[in-house]
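Enquirer: Using the hints provided, position chain W relative to the given structure of chain A.
This is what each chain is made of:
Protein chains: 2
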Amino acid sequence: MNDELLQKLIQAGNSKIVMIIMDGLGGLAREVGGKTELESAHRPNLNKLAQDSALGLTIPIEPGVTTGSGPGHLAFFGYDPLEYEIGRGALEALGVDFDLHPDDIAARGNFCTIGTGGNLIDRRAGRLPNEESIGLIEQLRTIKVDGVEFFIEPIKEHRFAYVIRGLNLGAALEDSDPLINGAAPLAVQGRDDRSNLTAEKINLFIMQAKEKLSKRSSANMILLRGFAKLPTLPSYRQRFKLKAAAIAINGMYKGVSRLLGMDILEVPGQLLADQFEVLEKNWENYDFFYLHFKRSDTCGENGDFEGKVAAIEEMDSFIPRLMALNPDVVIVGGDHSTPAILKSHSWHPVPLLLYSERVRSDNIKEFGERACSQGSLGLLKATEVMPLALANAGRLAKYGA
Amino acid sequence: MNDELLQKLIQAGNSKIVMIIMDGLGGLAREVGGKTELESAHRPNLNKLAQDSALGLTIPIEPGVTTGSGPGHLAFFGYDPLEYEIGRGALEALGVDFDLHPDDIAARGNFCTIGTGGNLIDRRAGRLPNEESIGLIEQLRTIKVDGVEFFIEPIKEHRFAYVIRGLNLGAALEDSDPLINGAAPLAVQGRDDRSNLTAEKINLFIMQAKEKLSKRSSANMILLRGFAKLPTLPSYRQRFKLKAAAIAINGMYKGVSRLLGMDILEVPGQLLADQFEVLEKNWENYDFFYLHFKRSDTCGENGDFEGKVAAIEEMDSFIPRLMALNPDVVIVGGDHSTPAILKSHSWHPVPLLLYSERVRSDNIKEFGERACSQGSLGLLKATEVMPLALANAGRLAKYGA
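These protein sequence lines are chains A and W, in that order.
Everything in the first sequence is counted per this note's numbering, starting at 9 for the first residue and increasing by one.
Everything in the second sequence is counted per this note's numbering, starting at 9 for the first residue and increasing by one.
You may find that some hints are simply not true.
Where chains are identical, the list cannot tell them apart; a pair therefore holds if satisfied intra-copy or between any two copies.
[To be verified] Lysine-lysine pairs mimicking DSS-like chemistry, simulated, CA-CA at most 30 angstroms apart:
{"#": "1", "residue 1": "218", "residue 2": "249"}
{"#": "2", "residue 1": "16", "residue 2": "351"}
{"#": "3", "residue 1": "223", "residue 2": "164"}
{"#": "4", "residue 1": "43", "residue 2": "24"}
{"#": "5", "residue 1": "209", "residue 2": "24"}
{"#": "6", "residue 1": "406", "residue 2": "43"}
{"#": "7", "residue 1": "406", "residue 2": "16"}
{"#": "8", "residue 1": "223", "residue 2": "237"}
{"#": "9", "residue 1": "56", "residue 2": "43"}
{"#": "10", "residue 1": "164", "residue 2": "406"}
{"#": "11", "residue 1": "373", "residue 2": "56"}
{"#": "12", "residue 1": "373", "residue 2": "43"}
{"#": "13", "residue 1": "249", "residue 2": "389"}
{"#": "14", "residue 1": "24", "residue 2": "152"}
Don't read these hints as lab results, they were simulated from the structure.
Pulled out of the complex, with its shape left as it was, chain A reads as follows:
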């Protein structure tokens, strides 16, 4: 729904919406005609809820497009990720689960190799092994510059996420990476006064890094590019008139939620039970809850079919606790598919269940990929989930007379 229409129709209320995102929920069968991870799971509670719900399959971005968790979440939250783009540096930091704050500046970093004259010999330092890279990152982490903090997180091989945190930083920064071998790494330059001061701090960091790595013949320098803050997005309160809370354990999901102005509720543990306890304790304080469940994706990425089945079964066991709270609207879905047999995210549409007392239930007695493909919500864009949830929550006024 475009913003203009949404702002015309949105109205406050006191109904409560719960959105459960099972990361990487969608899957594939191990053999033709077989069952997916979700279909294989013993899931009596999800199946019972499905019977009273409308079902469908969400397309995260567009047909055929495999999405990362950042854009996948944005879409499911009701923000077109092609419109609200998260800068590369920020995305990289969120992508390794770094809990990026609104004023942090993030960049894509990598180790490179320079010759004795200081010019680049290999921009990727021979794609050095992860173990070696992690050791070098430990050295970078010891670097101190007055007035700012740095965070460096390994990504893969020569790549790392680089974050600078401090007061009054500017993100209008040019890359240090000249993008070709043979040239020398550049000093970072700012495009405005605040960014110039920030560039000075970063250049002090780079000089210390160069010194620390100077005894090495390869991976003896770093390059930084794609400096970005998190974008400013209309908050859930502005856009949907919802007081929203996120119940997530991993940093990236907290980061995306914070981006939308959700309160990040502290979870005192790593278990789904801890998350549901937080949900129950805060039930009176919010009218929208996002609860993120990571394990379905992790198992999918690891190619662990049975583990993903077990993760889904664990979530299933918590559905009665959720329904005991008597929510007005419940959404159960995923930000993308992560079929265990692919060991990666995929483009396949994701099962969706929308429950409310006002929903036109499909009378389908199962929550699974094939069952959802028979549902009345059909194949829908992930960005359409929130408007449907808001309608069911009685929070969208009539258009026209």
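Expert: Here is chain W on its own, set in the frame of chain A:
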């Protein structure tokens, strides 16, 4: 379909299309797992027709959006209501079933309270009761101004629809409502010469209204805002090369049809039988017929589940008379859902049946919400119905070679 493509493909013909709009057709079951109004109805003829048809569910505007009948009809007629917006005043008049003519100027009116100094004390006159408002409207109806006619129709509480009809009126008019208490009501001003002359007539009306209400301590003045004519839309003849007729009883539906250049056929009675008689008598004169059935919506709005079932059953009984005419294409659908249990319009997709000899029939033996969700037309936008009907009527040429 965008206009450019449509104009490239559209071709004349002598096939006949009948579009039956059952207002508020879509419904909800009274209990989870139960049947909707349509599914509960004894509807042998619609079910028989469904078997030879393609089925689907229409989304009137967008997922989650509840529409009024005006935009809902525009969409079903093939015009994107977000593109062809009907001004607030005109919409208000159509919304209370006023048969607005193309040159009429309509505004949103309301009673307000002014103090002895003439400044507004309460822009809404304490939301006076409907009965009291109707009495005051009777007084306004006695006001005469040379060269123009006025129509005032009650809406609710302090609100009324205000229409001025005459020759050469201009609608570029500023509101008389200053929008804040403490200020005085404004004289209406025009933004061009014709509108200036129109403003004079309206200001004469307002002065007389003030005088008539002057003995009252509250609701002693009126405010007018949102002056608008009906928008100019491409007619059915221009856009679809169809000679179209509307067979409707209520004013609003005549108004929207007239907007599209349909001939409004006079119905000599209030019964569906009267409407079908008009259809039969005019069968040779048109190639597109729109037949509007209001009772399904009225019963839905009143929360009368059984009444809505009976209304659908009544329509069902006329299907054989329709098919005896041997139409080339038949559309049976609705402008929006009006579930009796909600007593209001809703966002739920609306059952759609598309019959023609060229349709790929679904072999589904039932016309109902769940049956249509299994249909081959899937979930489609209401604006896509007319292109499908035109294709089935042999009126769309091939695109490209």
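Enquirer: Compare the structure with each hint and give your call.
Expert: Hints, verified against the model:
no. : hint      : verdict
1   : 218 / 249 : neither (49 angstroms within a copy, 40 angstroms between copies)
2   : 16 / 351  : between (43 angstroms within a copy, 22 angstroms between copies)
3   : 223 / 164 : within (23 angstroms within a copy, 83 angstroms between copies)
4   : 43 / 24   : between (34 angstroms within a copy, 27 angstroms between copies)
5   : 209 / 24  : neither (46 angstroms within a copy, 51 angstroms between copies)
6   : 406 / 43  : between (42 angstroms within a copy, 25 angstroms between copies)
7   : 406 / 16  : within (9 angstroms within a copy, 35 angstroms between copies)
8   : 223 / 237 : neither (33 angstroms within a copy, 64 angstroms between copies)
9   : 56 / 43   : both (19 angstroms within a copy, 19 angstroms between copies)
10  : 164 / 406 : between (50 angstroms within a copy, 16 angstroms between copies)
11  : 373 / 56  : both (7 angstroms within a copy, 28 angstroms between copies)
12  : 373 / 43  : both (16 angstroms within a copy, 16 angstroms between copies)
13  : 249 / 389 : both (22 angstroms within a copy, 27 angstroms between copies)
14  : 24 / 152  : neither (46 angstroms within a copy, 53 angstroms between copies)
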